[in-house]
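With the hints as your guide, set chains B, C and D with the ligands onto chain A.
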Amino acid sequence: MEKFVAFAIKYGFLIVMAGSFLAFGLLEHSFWSWSNLFSILLGVTIVGILAIGVTFTLIIDGFDLSIGSTAAICVMASSYVMVVLDLNYIFAILISILCGVLIGLINGLLIVKAKIPDLLATLGMMFLIQGLQLIPSAGMSIGTGMMLANGTEAKGEFAQQFLYLGQGRLFNLIPIPVIVFAVLAIIAYFILQYTKWGRILYAIGGNEKAVKLAGVNVERYKIAAYVISGTIASIGGILLAARIGRGDVTSGSGLLLDAVAGALIGFAVLGVKKPNALGSVVGVVFMGMLLNGLTMLSLPYYTQDFIKGIVLVAALIFTFGLSKSDLSS
Amino acid sequence: MEKFVAFAIKYGFLIVMAGSFLAFGLLEHSFWSWSNLFSILLGVTIVGILAIGVTFTLIIDGFDLSIGSTAAICVMASSYVMVVLDLNYIFAILISILCGVLIGLINGLLIVKAKIPDLLATLGMMFLIQGLQLIPSAGMSIGTGMMLANGTEAKGEFAQQFLYLGQGRLFNLIPIPVIVFAVLAIIAYFILQYTKWGRILYAIGGNEKAVKLAGVNVERYKIAAYVISGTIASIGGILLAARIGRGDVTSGSGLLLDAVAGALIGFAVLGVKKPNALGSVVGVVFMGMLLNGLTMLSLPYYTQDFIKGIVLVAALIFTFGLSKSDLSS
Amino acid sequence: ATGLKGAPAPFDGSKKIRVALIRQMTEGEFMQTYRAGAQVQANLLGIKLIVFGKSMDNQAEANFVYQAINMKVDGIIIDHGLSETMKKPAADAIKAGIPVVAFDVDLKNPAIPQIAQDDELLGMLALKAMVKDFNGKANVGYVSIAGILPLDKRDKSWQKIKKEYPGIKEIVKTGTLESPIASKNADQVKAVLLAHPNINAFFAPYDELGKGVVQALREARKQDKIKVYTADISTQDIREMIKKDSPWVATAATNPASIGAVSVRAIALKIAGIKVPKNILIPPMLFTAKELRKMKIKNMNELRKKFPSFNSVDLLMYPWIPVDKKGLF
Amino acid sequence: MQKKPLIRAVGISKRFGATQALSDVSFEFYDSEIFSMVGANGAGKSTFIKILCGFYPDYEGQIYINDKLVKFESPRDAYEAGIQVVHQSIEQGIVQNMSVAENLALEQIVSPEASFVYDEKKIEESAIKIAKKMGIEYLDMKANIQDIKQSEKQMITIARALAKKPKLLILDEPTSSISEKEAEVLFETLYKLKDEGVSILYISHYLHEIKKISDRVGVIRDGKFGGLLYQPLVVSKIVQAMVGDIETSISSNSEDSKDKKLIIELKDLLVEGSQTPINLKIYSSQIIGLIGLIGAGKTELAETLFGIRKPLGGEIILNGKSIVLQNIHEAIKNGIHMVPENRTVNAIIPQESIKDNIILPFLDFFSKRGVLKPDQEIEGADRMIENMGIKCENYLSSIGSLSGGNQQKVVVARWLLMSHNIVILDEPFQGVDIKSRKDINVYLRENTRDSCVLMISSDVDELMDVCDKIVVLNKGKILGEEKTSLINKDKLLSLITQE
Ligand SMILES: Nc1ncnc2c1ncn2[C@@H]1O[C@H](COP(=O)(O)OP(=O)(O)OP(=O)(O)O)[C@@H](O)[C@H]1O
Ligand SMILES: Nc1ncnc2c1ncn2[C@@H]1O[C@H](COP(=O)(O)OP(=O)(O)OP(=O)(O)O)[C@@H](O)[C@H]1O
Ligand SMILES: [Mg+2]
Ligand SMILES: [Mg+2]
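Line by line, the protein sequences give chains A, B, C and D.
Using our numbering, the first residue of the first sequence is number 697, and each one after it goes up by one.
Using our numbering, the first residue of the second sequence is number 697, and each one after it goes up by one.
Using our numbering, the first residue of the third sequence is number -6, and each one after it goes up by one.
Using our numbering, the first residue of the fourth sequence is number 325, and each one after it goes up by one.
Hints are computed from structural coordinates only; laboratory data are not their basis.
Please note: incorrect hints may appear among the correct ones.
[What the hints assert, rightly or not] With a Cα cut of at most 27 Å, we get these calculated BS3-like pairs of lysine-lysine:
| id | chain 1 | residue 1 | chain 2 | residue 2 |
| --- | --- | --- | --- | --- |
| 1 | D | K453 | B | K969 |
| 2 | A | K970 | B | K811 |
| 3 | B | K706 | A | K811 |
| 4 | B | K905 | D | K395 |
| 5 | B | K908 | D | K453 |
| 6 | B | K970 | A | K908 |
| 7 | D | K813 | B | K905 |
| 8 | A | K809 | B | K970 |
| 9 | A | K905 | B | K970 |
| 10 | A | K905 | B | K809 |
| 11 | A | K905 | D | K473 |
| 12 | A | K699 | B | K811 |
| 13 | A | K851 | C | K125 |
| 14 | B | K969 | A | K905 |
| 15 | D | K453 | D | K591 |
| 16 | D | K395 | B | K908 |
| 17 | D | K799 | B | K905 |
| 18 | C | K283 | C | K299 |
| 19 | B | K908 | D | K489 |
[Claimed, not checked] In silico negatives: residues of chain B with every beta carbon more than 12 Å from chain D:
| id | residue |
| --- | --- |
| 20 | L710 |
| 21 | I791 |
| 22 | Q889 |
| 23 | Y890 |
| 24 | T891 |
| 25 | V907 |
| 26 | L986 |
Glycine included, each C-beta is placed from N, C-alpha and C at the ideal position.
So that you can see chain A by itself, here it is in the shape it has in the complex (with noise of 0.2 Å):
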């Protein structure tokens, strides 16, 4: 018995998620259609890529609110230097990045040095980001052809190189979006898992002045891990330009409450009970499988918010419910 609700509680969600792949598939066979899987993924990364940038905050037990507004920003910078500036592609990546890691490091500043609470410093730069990615283009959209202030029309286009980022695929098949997307779950989970680095911040999260005692820069981490949140947001915001092919004022928005809720399912996985890359990249996956199967099952659009919360719940019930054990020392 005991035996068996440990069982439940490490395997639970994963025997759910593995439930509804089997159900959708039976019901629809085109569910399992290969590249319909790549579908799912491809419609995940871009928020799976923020749920892993978050995760590194959550594990030295802060909270990065800005990521959606970074990538958003990152995907007005992108275009503005190619369509507006009409620089090179590489210039849009960099640009991009910059923007990501120097927003991380105010926001890793602010907290550390500032000693702003995370969810306050983090919302203070989300509304911040979010104004000033409107004023380059005063609020418009970014393509070609667009009316600038001085009268002419932006000539600068997207490198083709760039959108291949976004809407290019390898062997025509894996899109590169997710090519890159597994590359960052890999790295941070390697990082996260088997490193010194990864170690330390989760013995932040744990107790920050324990590690401080043990002669680690415990600063130095925190606000290296809100650079790598505000960096890796910023390889999604890059993504995301290169998807939608253009700077859209609007992109940022659901994104960031879906990542964080991909974080968070991701601590039901495998009954780790804290925040983990492959938690992470689960819980995002898990959504967006549920989204694409929903939709083909032809669920009408708004029962299947409903869904996603019931499953969800359900999921947490399992993991958390079960297990009854409560440290105290």
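Positioned in the frame of chain A, the structure of chains B, C and D with the ligands alone reads:
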């Protein structure tokens, strides 16, 4: 010097607020008119009410992500009751509040009994409710004359008394929702500041275990905090429905972040550095005032978020950055 | 201010005129172009245009009307919104002696001229093109969202067409307003495509949704097998339509810039005390990809030049009202 | 005198996953007595009292109060039944973000009878009344609880338990972070309560305390009942019952330090907050004890040596070289290790495994280009679990699930894992049982060859057990030092307490 810093921490935020109040009024005299001041208050009532609710959960070191969608489902529920079921508006109010209580109760049970972390549990509920609210009307907004599933038209109407809750004014000046907001704020402030319940809630946030060991039924208080949050959100939802006069499916979307922002800004008010009802109210009023003032000065909407962010971050640095005390030992 | 030649008061320079443009939505190309058009016309008339808007926040929109009343502006343009929510504030504005015109929202007030794009016709034009292309027999994927007023109006045409042409079948309905709209819809449409391989046409009566469909078709490599019919047009849309292999074959549209200009002209006339017709309907036009390609139209500017009737909507023209000569509308 | 027991706990058992923390333990408690409970670390003492006070409602066995079967579902029930507890971890007892007064009067604030409207004045009045019971009414009632000392927090938790006269008062290692002087106040209070008819259940690893105050002693051994001892009590008998036979003496290293290397020298070191410079020399293989009352400045000295605080003047000379430590990292690089006081706050990372907790400061050593070397980690962790006698399932158990004493052993193990020049142990034996203390001491003795130890404590006996020399610190000033073998305890105590 030290006194000055202490002063700055305590009143820094309020000074920034007073400064902007002065600046706006000097630049645009009508900003100071009574009717405009009430218009600012009216603009923040719904968000402010939700912020009060979320304050209760923040105090016990929890979080309620479902407030926005709770308000939204109450908009739909009250519209459904009046328009589709053609029942009295009293039922609309009762059923909405029931929804809020129920959602809060489920949240509380998930967190306390199933031991699901607060963010996760309320996130799951958020999705669930967001989906649920769409189902009765098949995703449509609810308004008189809408087509029902059985092919007939909905004949019910929003009752005048109900609309009065959202659109009426006392003495032809003070909007009813503002009065509701003020009453709720005062009650919340009183409970949190001057009653033993408030003390216990704060104590739970400080050290749940100690409070439990002191013989308090902590679980009940935690559940109560979520029920309060849900109930207050439902009141917000009722007012929202009364204001927009229609069961609009998109109505809940922006509420969550703004309410959370208000409550978080509240940490900085009077330098208390913890969630508090007064702070939350001041926080949302501050944001509303900025929005109002900046629009009056015809700052383009796309610069407003930016300024909101800048001011927020500045206020935070003021409050948190100046107080250097960090027990280093 | 220097007045306009031959203009009636107060446009003769006797007073600085301020007009509030109050909006339900601020994002998206349609909205941005509308605003640009309004701005240009306002500049030409010497009007200071104050733009109020917070994306998709209905109660904020109502508040803005009161704020505008407090500011004692000379006129108010209400751009979209829920009629239930906006009719009272609008009536209050009229009561306060401020003229109001409305675009795409029925304010149910005889004193308020209603400007509208003919949404039903808009939908009908696109659908008629589909009927023609498919000889009255098509398996259609319908991408739309209920509860959004213009989309609901376009939906009426869809229902009519389905009745009129039994060969036109709705295979599936999908669609979401979650942002980023285009990619979110692309993900859904891809799932739909796999589940319903028999679909050969899509009707997406809003170009942001259309972009999602096109993206999905490209990612699923079905752009040569399926045709897409939409409403609205923009530079970005044109660039997609004229691609050699684009599945996007036709769109029905009005010129948002012209509507913006007409709205400003209407309020200017009201301010000057000149009678304005109660209903001003902006007729849409149909654009097919073939046409665009043949006429070598690559952006909105060229479209306006080559379709003068689209370019300038000759409504509410008076000799004293200057219009943009560069051909913006 | 066949009195009837006030409370009977019969056949109590409790499991945590794979750990059988208690099995079939029975005890009886009478009124007007001090019953002490002893047992090695992890024996199950804390678990037993947590059952008794309703914290773990799911246990096997029965509890009777006045022969009536009771089942506590929550601490509230136990509290209502007259059972009051001071728990082992102070952090469990105090509420952050609240004032001293609110912490003192916590029960008043939360009790159902409390007036609905919170009356700050009244609360403060009763807080002062409560504080008087433990002689801490001098505390600033409005001060935030975070700003007072650890020992004062402990006194607050004790005072609070006495607020409403309980039937049964349970104290789980209350003296582990207070000084002897404060302990005296506590004992006087306990005697008074006993005279008033209260039954007291007292848990401690300080056997001399047990001997001094107990009427009866109950022993728990490996989660099982281990016997009862009656007055007159003999320490060696108690030890025997707890852990069996142990060696009592630890061979001291050779007395003279002529052929020893000077490892660390403090030369006119001026520690923050003190006016008197400190001079101290520690040689290789030496174990030096540093003793002083609470607040004597011991921790500040230790923190200065560990790079946490900057010295205001003077020098630290390590192996003949003067060093300036910018931070803890540099201290560790220089082979200076420190076990900080107050493990809950300063040392343990509760959710992480024993292994990860032990390895933490030396991740560089256990990794190559950042990638960890799991085999070596496990080897290191297992070695220390063995050496320190840490009672656990294996190196993967989370440190939070260990008993208090075993947590402390992990923390000590962390800093003995790698070779060092000096290890500073600040109150290393908080909550460590006598056997484990001996084990650690033996380990220290055997492994201190080319290095040295500075052991800080406010308990003379702890230091006498192992140290070669004891240094007395009083208000930041070194008042004297003496070889352990030559120590006159009375003189030492007078130095320590000298005003
Ligand atoms: N929450 C828990 N989860 C898992 N195991 C636990 C938990 N609490 C205690 N244990 C285990 O139960 C056993 C008894 O622990 P307990 O804390 O009662 O010991 P103790 O006698 O108080 O020891 P100490 O003197 O060190 O405080 C130990 O093996 C401990 O690891
Ligand atoms: N957190 C603190 N806040 C205020 N004063 C403190 C704090 N910690 C220590 N002090 C003060 O610094 C002085 C030295 O304290 P320190 O902790 O070094 O003493 P100690 O001898 O180590 O005592 P203990 O046995 O309590 O650890 C004391 O007088 C104490 O009042
Ligand atoms: Mg214990
Ligand atoms: Mg100390």
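Hint numbers contradicted by this structure
Of the numbered hints given earlier, those the structure breaks are 1, 7, 10, 13, 15, 17, 22, 23, 24, 25, listed in rising order.
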